[in-house]
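Q: Generate coordinates for the entire structure from the input sequences, incorporating the hints supplied.
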Amino acid sequence: MQYQLEITGSAATIGYLACSPAEKVSFEQALQYLDKCPMDDFMHRHLLRQMLGKSANEIKLLAAVFADSKVMSSLLAETVIQRPELTEFMPEKLPCRASSLVNLRQEKFTDMALHRAWSKIFSDNLLEHRPLPELEQAPPLPYSKQEIEQAGQGFIPVSKSAAADFSENTVQEPPLQEVIQRAETALEAAGVNLDRQMLHQSSLSPVGLVRGWQAEIAVQNGHLDYRLKGNQNSFGRGLDFDTAQTGLLMEICERFSSLASFETEGALGYAKPLPLIRSSYSRLEEDALDPACLPLEVPVDRNEILHWLPGSCPDGSRMLVPAQFVFLFANLDEPCLCSGLGSTGLGAGLDMNRARLTALLEVIERDAESTFPHHPARCFCIRSDDEAIAALLNEYAKRGIEVFFEDISSELGLPCYRSFVVGPEGQVTKGASADMNGAKACLSAMLEVPYPYPWGPPSRPAPKGLPVRTLEDLPDYSTASMAGDLAILEQALTASGKTPVYVNLTRADMNIPVCRAIIPDLELMADFDQNSRLSPRLFRNLLLKQ
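Take my numbering: the last position of the sequence shown gets the number 1602, and nothing is skipped along the way.
Be aware that one or more of the hints could be misleading.
[Unchecked claim] Now the in silico label distances, taken between C-beta atoms and shown as ranges: (1) E1062 / G1456: 52 to 60 angstroms; (2) G1521 / A1447: 19 to 27 angstroms; (3) G1521 / Q1193: 23 to 31 angstroms; (4) Q1060 / D1583: 18 to 26 angstroms; (5) K1110 / G1456: 32 to 40 angstroms; (6) D1343 / Q1233: 41 to 49 angstroms.
Derived from the structure by calculation, the hints contain no laboratory data. Glycine residues also receive a C-beta, built at the ideal position from the N, C-alpha and C atoms.
A: Take a look at the structure:
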């Protein structure tokens, strides 16, 4: 089967991609294919998208014509879940094993309706800044009082690790031009097809870059035998050109490295072998991440047959992790555990310390986004003693753009902030970032905000009466090196019972260190959609502001 990546929509510089058959395939042909390959996530999603766009009469006809197909039965059930007005087509028994998607297995959760109701509340709160309801006017909480009170306990803040001396880890960071040159050389060596680099002005960053590139993978796994090809865009942002270009090229390196081809023995093209082990967690004979430690969107089933591959802990010990949590567009012959894992937890750098640190910070940022509702009491504005940053803030002000921030630093105590600009129509645009250095986190969040600069319209005013914080006075736990910062963060996570696991995704033909980091018990998705399983820590933070 040949698939192509298609952009189905975009918002805030984020492109939403779908994997569709490259050549025209009829509904009947696709259904016959899925009867033979029921775990092909790409084809199942393709047919579900078609079903969701059909009229009730069309669905009635399809249900009659393909009444004997278990896959058709699963598609009908998944359609009804998203379109309740079609309840008459819901099968008496949910054919969970006929679909790779999470939707039907989620129906086993007795509280799924509550999670969906609260997801809508939190989505409106974050994306439209609607006030959170009083508990008396809200749906029941999906967790008990005891579960919510205990959520978030056991974290050891980074401030305790930061007191240690990591001076021996100090290494001089290479100049940005060296990073750029090495990344360009690596991408050329790997044969990555790059489009022309272009400027973009769709964020608050003074320098914004965008570049398209082509991805292509081939997968032979179980019943699946397909190729996927398509174009992707990567972005770079910064106060200066070299910083923006470095970010752009490193993003391409990490994304390209996380797109894997597979044959029977495992993932292909990596500097270190990544063999696949097909087994249930309960039958594995070596250390592996318990699925219960991962942010699953389905009930935990330790007897589910999955594909596992080796990762490593900070001390070098081996730990198996589910392969679908590692690669972009992972589509192996197995059921999905989540509705859509993205790039959170990927990191790249000229050395593995930087790659690992970048990856950890991504996870911690997304975890904070997932567990903090928006609340004005945490918001503030900034000023800066740095001339360049102060000048940029003044430029925003001259153009009528008012930026404000929200502190969402989690129980780990690592600086993490959201940044907001509210457009003239009331549209909320935001960025978010975490860093050992609070000033860097705040600045990065601001430059990420997808509000057009310098030619965008004046924004709405920031909320009145917000405190003003000096950027340079924000918490700073950084050391003089990436290795030192990484050591502090790993120590805090390990002491908190959340030892990270890394999968080395460095390609043999690129030699640019890339990894995927997985942190047990931390959240990876902040989409607040119909598939979301909300963390009890989110409700703990909700109640703290009631």
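Q: Now look at each hint and say whether the structure bears it out.
A: Each hint tested on the structure:
no., hint, verdict
1, E1062 / G1456: 52 to 60 angstroms, "violated, 37 angstroms"
2, G1521 / A1447: 19 to 27 angstroms, "holds, 26 angstroms"
3, G1521 / Q1193: 23 to 31 angstroms, "holds, 26 angstroms"
4, Q1060 / D1583: 18 to 26 angstroms, "holds, 24 angstroms"
5, K1110 / G1456: 32 to 40 angstroms, "violated, 46 angstroms"
6, D1343 / Q1233: 41 to 49 angstroms, "holds, 42 angstroms"
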